[in-house]
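Residue numbers (numbering that gives the first Met the number 0), protein chains in the order written: chain H, 0 to 266; chain Y, 0 to 228.
Bear in mind the hints are in silico, worked out from the structure with no lab data behind them. Among the hints, erroneous ones may be present.
Unchecked claim - Some chain H residues near chain Y, calculated using beta-carbon distances under 7 Å:
| id | residue |
| --- | --- |
| 1 | G66 |
| 2 | R67 |
| 3 | R69 |
| 4 | D153 |
Said to hold, decoys possible - Which chain H residues face chain Y? A few, computed with CB under 10 Å, are given here:
| id | residue |
| --- | --- |
| 5 | G10 |
| 6 | V103 |
| 7 | V106 |
| 8 | D107 |
| 9 | L109 |
| 10 | G123 |
| 11 | I124 |
| 12 | V149 |
| 13 | R150 |
| 14 | A152 |
| 15 | D192 |
Everything numeric in this text was worked out from a predicted model, so none of it was measured. Backbone N, C-alpha and C define an ideal beta-carbon position, used for all residues, glycine too.
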Amino acid sequence: MAAKTITITSGKGGVGKTTATANLAVALANLGQKVVCIDSDIGLRNLDVVLGLENRIVYDLVDVIEGRCRIKQAMIRDKRFVELHLIPAAQTRDKNAVSPSDMVKLVDELRDEVDWIIIDSPAGIERGFRNAIAPADEIIIVTNPDVSAVRDADRIIGIIEAEQKGPGKLILNRINPHMIQRGDMMDASDVLDLLAVKLVGLVPEDEHVIASSNIGKPVVLDEKSKAGQAFRNIARRLMGDEIPFMDLEIKEDLLHRLSKVFKSGVN
Amino acid sequence: MIEKKFPIKGFKEGLLITLGEGDWGTVALTLLTQIDDKPDFFKGAKIAVDVGERVVHAAEMGLLRDKLSERGVSLFAVISKSNLTESVAETLGLSTHKSLLKDRGENIINASMDGEKAVLLQKTLRSGMSVKYPGHVVIDGDVNPGSEIVAGGSIYIWGKLRGTATAGADGSESAVICALDFNPAGMRIAHIVKEGQLIKLKIKKNPQKAFIHNGTIALSDWKQDNPLK
Numbered sequence: 000m001a002a003k004t005i006t007i008t009s010g011k012g013g014v015g016k017t018t019a020t021a022n023l024a025v026a027l028a029n030l031g032q033k034v035v036c037i038d039s040d041i042g043l044r045n046l047d048v049v050l051g052l053e054n055r056i057v058y059d060l061v062d063v064i065e066g067r068c069r070i071k072q073a074m075i076r077d078k079r080f081v082e083l084h085l086i087p088a089a090q091t092r093d094k095n096a097v098s099p100s101d102m103v104k105l106v107d108e109l110r111d112e113v114d115w116i117i118i119d120s121p122a123g124i125e126r127g128f129r130n131a132i133a134p135a136d137e138i139i140i141v142t143n144p145d146v147s148a149v150r151d152a153d154r155i156i157g158i159i160e161a162e163q164k165g166p167g168k169l170i171l172n173r174i175n176p177h178m179i180q181r182g183d184m185m186d187a188s189d190v191l192d193l194l195a196v197k198l199v200g201l202v203p204e205d206e207h208v209i210a211s212s213n214i215g216k217p218v219v220l221d222e223k224s225k226a227g228q229a230f231r232n233i234a235r236r237l238m239g240d241e242i243p244f245m246d247l248e249i250k251e252d253l254l255h256r257l258s259k260v261f262k263s264g265v266n
Numbered sequence: 000m001i002e003k004k005f006p007i008k009g010f011k012e013g014l015l016i017t018l019g020e021g022d023w024g025t026v027a028l029t030l031l032t033q034i035d036d037k038p039d040f041f042k043g044a045k046i047a048v049d050v051g052e053r054v055v056h057a058a059e060m061g062l063l064r065d066k067l068s069e070r071g072v073s074l075f076a077v078i079s080k081s082n083l084t085e086s087v088a089e090t091l092g093l094s095t096h097k098s099l100l101k102d103r104g105e106n107i108i109n110a111s112m113d114g115e116k117a118v119l120l121q122k123t124l125r126s127g128m129s130v131k132y133p134g135h136v137v138i139d140g141d142v143n144p145g146s147e148i149v150a151g152g153s154i155y156i157w158g159k160l161r162g163t164a165t166a167g168a169d170g171s172e173s174a175v176i177c178a179l180d181f182n183p184a185g186m187r188i189a190h191i192v193k194e195g196q197l198i199k200l201k202i203k204k205n206p207q208k209a210f211i212h213n214g215t216i217a218l219s220d221w222k223q224d225n226p227l228k
């Protein structure tokens, strides 16, 4: 078994990296895959909370790297999926406790054990980000359809191309079809026009995401949630399936237009 | 063994042979066999080999050159997509794509007219990237928000301009800034500065040229008045 290592990053904070990491990890585990996710946001750990595992942390990433425990001891098994594990970040240290080569070594040790290694990157373009992308086979950039998030994503894509890790794939998160319809938000094609990278997922804005993160149950487990469906689709695309994109804005647009045509026909 | 022949093209300097896929040993052997099949045709020929993306080491390339010269064939150039292979070829005294282009470029300029210093970039400038060049700058790609170009001469962008552009940085007031989709965040020509439009969600795409007119920066349609013509 040779695991595929994916790093989830964004440049800007708060666009949904941790949410995406947790949901993709759970969705892949739900498809029968062996998954380890690594929280590389040392000093600001969150992935344990979103996965509902914060009360089980004994050892963390820095403990492994500094040799205080074996890698298996730091792998927390998920409550729902026996083949899903989390290596949490250290909360009391900072990014300088880890180097890019530490991350490469750690991931290499895990490669034969699992199918997927998913690394949650910190925001920014500094040391923590460099640590997170060092071991990646593929990088997924999460962004929101707003001007500043897209500009940061553009910067990230430039850096990962320069590091020959690129071009990366894009998840466009928190799309609000109503705002797009009103012309207050960029649509997916505006974002792709600027970033010119391969799209791997369109995720609508969905209240369920926050609610489920707060109770440590990723939204991907909620059959009714649209965002959950979007993350399930991304996981299947990562597995190599051809899944059409949820035509969030286009569908609304079309319905809108059709109803207009219908109305004008009646009048 | 499957009979295989590599495609050969004639050009001014000699023959260009494009080597196919496979490990270097097999490829080199196939090439030599191909030459041995028609010794009269190849005798005295000057050849360039296109090795594609593969990395060829100095020893391997030197051996091929020697084997070829035993057959009366002189290897004078190696075309490669790998920088490493190109530099290996250069240390062996062989021409490369880069040096061939350079030679030809100089010939053209010597033959007809004086050229001006310019750099061509076939890539998109992403946020945080910066290009500074004393001559003209030509970009075949987009210039995204958050990136900048500073040119001593003019700037021609075959794509979108969303970043900031400075032309005539050395004070030349005849410099221009052109883009197929002209919406810079800001621009400067010589010492004159002009703000761009604030970023909007949807921008009208328009090919435009910026130049100095009556002491301010004026814009005109790049289609009607093509400065490249």
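- Answer holds if the nearest beta-carbon of chain Y is closer than 10 Å to that of D192(H); otherwise answer violated. 8 Å, holds
- Interface hint compliance - D107(H) to chain Y, C-beta minimum distance less than 10 Å: With Cβ-Cβ at 24 Å, over 10 Å, it is violated.
- Query: Any CB of chain Y closer than 10 Å to the CB of V106(H)?
  - Reply: This hint is violated: V106(H) lies away from chain Y, its Cβ roughly 26 Å from the closest one there, beyond 10 Å.
- Status of the G66(H) interface restraint (C-beta, 7 Å, chain Y): Status violated, d = 37 Å.
- Double-check A152(H) for me: the hint is only fine if its C-beta lies closer than 10 Å to a C-beta in chain Y. 8 Å, holds
- Query: When the nearest CB of chain Y is found for V103(H), is that gap smaller than 10 Å?
  - Reply: 23 Å, violated
- Query: Quick one, is the V149(H) hint okay against chain Y at 10 Å, beta carbons?
  - Reply: This interface hint holds because 8 Å falls under the 10 Å limit.
- Message: I124(H) was flagged as interface toward chain Y. Is the shortest Cβ-Cβ separation under 10 Å?
- Response: 8 Å, holds
- Query: Is the interface hint for R150(H) satisfied, with its Cβ closer than 10 Å to some Cβ of chain Y?
  - Reply: 5 Å, holds
- With 7 Å as the cut and Cβ atoms as the points, is D153(H) at the interface with chain Y? 4 Å, holds
- Item | Given hint G123(H) near chain Y, where the shortest CB pair must fall under 10 Å | Interface hint status for G123(H): violated (13 Å vs cutoff 10 Å).
- Have a go at the R69(H) hint: is there a Cβ in chain Y nearer than 7 Å to its own Cβ? 39 Å, violated
Hint check: violations occur at hints 1, 2, 3, 6, 7, 8, 9, 10; the rest are consistent with the structure.
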